[in-house]
Amino acid sequence: MSSAATSATATEFVRRKPPPAVRRKRLIATVADHTILVAAGLLFLLPFLFITLTALMSNDQALSARLWPHPFEWSNFVDVFTKAPFMTWIGNTLEYSILATVGVVVSSIPVAYAFAKLRWRGRDAVFIVVLVALMLPPQVTVVPLYVMWAKFHPFGFNFIGTLWPVIIPNWFGDAFTIFLLRQFFLTIPDEYLDAARVDGCGEVKILFTVVIRLAKPAIAAVALFSFLYTFNDFFLPLLYTGENANHWVLSIGLSEFRSLHQVQWNLTMAATLLVMAPVIILFFLAQKAFVEGVTLTGVKG
Amino acid sequence: MSQTSVAGGTIPAAALTVDRRRARRKAAWRRRGLVLLFMSPWLVGFTIFFGYPLVMSAYLSFNHYDLLSPPRWVGWANYHYLFREDPQVWTAVKNTIWLICVLVPLQVLFAFGLAVMLTRARMGVGVFRTVFYLPALAPPVAATLGFVYILNPVTGPVNVILSHLGIQGPLWFQDPHWAKPSLVGLGLWGVGTVMVIFLAAVLDVPKQLYESAELDGAGGWNRMRYVTLPTISPVLLFAVILGVIQGLQYFTQAYVAAGVAAGQASQAADVTAVSLGYPLDSTLFYPVLLYQHGFVDFQMGYASAMAMLLLGVSFCVTLVIVVNSRKWVHYGGAAR
Numbered sequence: 001m002s003s004a005a006t007s008a009t010a011t012e013f014v015r016r017k018p019p020p021a022v023r024r025k026r027l028i029a030t031v032a033d034h035t036i037l038v039a040a041g042l043l044f045l046l047p048f049l050f051i052t053l054t055a056l057m058s059n060d061q062a063l064s065a066r067l068w069p070h071p072f073e074w075s076n077f078v079d080v081f082t083k084a085p086f087m088t089w090i091g092n093t094l095e096y097s098i099l100a101t102v103g104v105v106v107s108s109i110p111v112a113y114a115f116a117k118l119r120w121r122g123r124d125a126v127f128i129v130v131l132v133a134l135m136l137p138p139q140v141t142v143v144p145l146y147v148m149w150a151k152f153h154p155f156g157f158n159f160i161g162t163l164w165p166v167i168i169p170n171w172f173g174d175a176f177t178i179f180l181l182r183q184f185f186l187t188i189p190d191e192y193l194d195a196a197r198v199d200g201c202g203e204v205k206i207l208f209t210v211v212i213r214l215a216k217p218a219i220a221a222v223a224l225f226s227f228l229y230t231f232n233d234f235f236l237p238l239l240y241t242g243e244n245a246n247h248w249v250l251s252i253g254l255s256e257f258r259s260l261h262q263v264q265w266n267l268t269m270a271a272t273l274l275v276m277a278p279v280i281i282l283f284f285l286a287q288k289a290f291v292e293g294v295t296l297t298g299v300k301g
Numbered sequence: 001m002s003q004t005s006v007a008g009g010t011i012p013a014a015a016l017t018v019d020r021r022r023a024r025r026k027a028a029w030r031r032r033g034l035v036l037l038f039m040s041p042w043l044v045g046f047t048i049f050f051g052y053p054l055v056m057s058a059y060l061s062f063n064h065y066d067l068l069s070p071p072r073w074v075g076w077a078n079y080h081y082l083f084r085e086d087p088q089v090w091t092a093v094k095n096t097i098w099l100i101c102v103l104v105p106l107q108v109l110f111a112f113g114l115a116v117m118l119t120r121a122r123m124g125v126g127v128f129r130t131v132f133y134l135p136a137l138a139p140p141v142a143a144t145l146g147f148v149y150i151l152n153p154v155t156g157p158v159n160v161i162l163s164h165l166g167i168q169g170p171l172w173f174q175d176p177h178w179a180k181p182s183l184v185g186l187g188l189w190g191v192g193t194v195m196v197i198f199l200a201a202v203l204d205v206p207k208q209l210y211e212s213a214e215l216d217g218a219g220g221w222n223r224m225r226y227v228t229l230p231t232i233s234p235v236l237l238f239a240v241i242l243g244v245i246q247g248l249q250y251f252t253q254a255y256v257a258a259g260v261a262a263g264q265a266s267q268a269a270d271v272t273a274v275s276l277g278y279p280l281d282s283t284l285f286y287p288v289l290l291y292q293h294g295f296v297d298f299q300m301g302y303a304s305a306m307a308m309l310l311l312g313v314s315f316c317v318t319l320v321i322v323v324n325s326r327k328w329v330h331y332g333g334a335a336r
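Chain order of the listed sequences is A and B. Under this note's numbering, the first residue of the first sequence is numbered 1, with each subsequent residue one higher. Under this note's numbering, the first residue of the second sequence is numbered 1, with each subsequent residue one higher.
Keep in mind the hints are simulated off the structure, nothing from the lab. Do not take every clue at face value.
[Claimed, not checked] Pair ranges (Cβ atoms, derived):
#	chain 1	residue 1	chain 2	residue 2	range
1	B	216	A	125	15 to 25 Å
2	B	22	A	132	38 to 48 Å
3	A	85	B	32	50 to 60 Å
4	B	85	A	75	47 to 57 Å
5	B	94	A	213	45 to 55 Å
6	B	164	A	27	51 to 61 Å
Glycine residues also receive a C-beta, built at the ideal position from the N, C-alpha and C atoms.
Okay, chain A solo, but in the shape it has when bound:
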């Protein structure tokens, strides 16, 4: 109580009105700040606006110098589905995203736990290996991996041309996910785990009952990142399915969309918007998980 009272008088003392000159200067600074912010914000939004406007134009209009659609061609969004195998691409993308995300989360949790909460010789050295694997470009290992999948034919099944070479590695832990989960597990107080141990819990049970429950937000963030990564992934699906259009994911389909439909910028932009939409909707639904996850990578890294 008393401390609150003293701080209140202190703030009163500080918050006396500054002289008019200072106030004017501050007002100008605030206005200038917000002007710059609004200008920058518009600059960031403008590309979205142009993409949307073009997506609503007729083909002739998109090829003219007009910026505003007249009339609005809402049917473009339907045409995208009829003129390209968009549904197939969506199906393939979902197959990749879901199978990979579930695999990444399930396989990375125990590994992250072993790095964060179990003590064993060489732990820190092995963790550095994980970080190094995280740093290296995927191009470094991609050639032998391609050769491996090309030469591997169990029961005559051909992996090249399918999405499996991109999906399966995700079932064996992912360096980024392990890193992120470990960072979060480290913030769980050891006392919780020790309490469970005293109660006779084994490490497996601790992981399932205590850690996973406490780490729900982090697991959600990690799953979200994995989903986004796979949804956006282009290089690896292109390598393995580039020749087989039946297994294209959305990102490949979109990149080839314009050569499927000569110069139809309006349809291409409608397709572009359709590919952006799920990610943006997901962002607004799970904004908190996003921001938490992103800051977790940076601040505690």
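We have chain A already, so just place chain B on it with the hints.
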């Protein structure tokens, strides 16, 4: 607890210590087994999808291999061609260095500026943060397509607006001199992730540091220079490393932009083969060249040699950045 049993005299002391030692050893083995069990997904994955390919890549780089006939040992020939003869490698290396040297500093500067502006804002912070972050969310292929359209020379909105202002806009992705700057623009549009990280770091700077700096008479600039920058320097380092690593594997945007721009110019149906690096190899980055050798021409041995060079370079770059960082990065814990 064991004292009671010794006092009871039923078990000789020597046998007990052996028993206890055995039990302890058993527990240790069980713990080791547990760690192994928990680590097993990563151990298996790392061996098959990282360790093995790394070794194999080194082996293949000394071979001629086209996937059809078995690998043929050629010694250092691939490396000789890579360093001495391949006319495109130097272009690709130059382009990659250009991209990293221009894009990374600009991204860090831009993201930091936006983050600081956001901390100074009084109104609509959440809205602005979302607006700046949105483009970073857009899938790279979609964002690139959008950018190539917006910057298309004749009917693209940017050049249309420029022509209304009486300015003849450049050819952007069609012009060898403007293709890379256009990609930089695309990269700056997607700066949101870095900005969010910086924003969190700037907001995390302890208030009392600013207060004591203010008491010492530090103005806005000095507070920025001597309080904000040193405190968030680990995060700046993180952003630089991330930027350089991403620069070394820059592929999707270059591939898509070149493909779409080339298709627009030639109107031909399948242009992938000629489009890599369009226009005039100006967007031919190292990963793009690696892709061309490995997966368009199927020169697996030569592509492996390129991969080994990339491995060496990315390893050295990370090392150099981390070692040099000791000079200017301030870690809160270490100073105390």
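The hints, checked one at a time:
no.	hint	result
1	216(B) to 125(A): 15 to 25 Å	violated (44 Å)
2	22(B) to 132(A): 38 to 48 Å	holds (39 Å)
3	85(A) to 32(B): 50 to 60 Å	holds (52 Å)
4	85(B) to 75(A): 47 to 57 Å	holds (54 Å)
5	94(B) to 213(A): 45 to 55 Å	holds (53 Å)
6	164(B) to 27(A): 51 to 61 Å	violated (35 Å)
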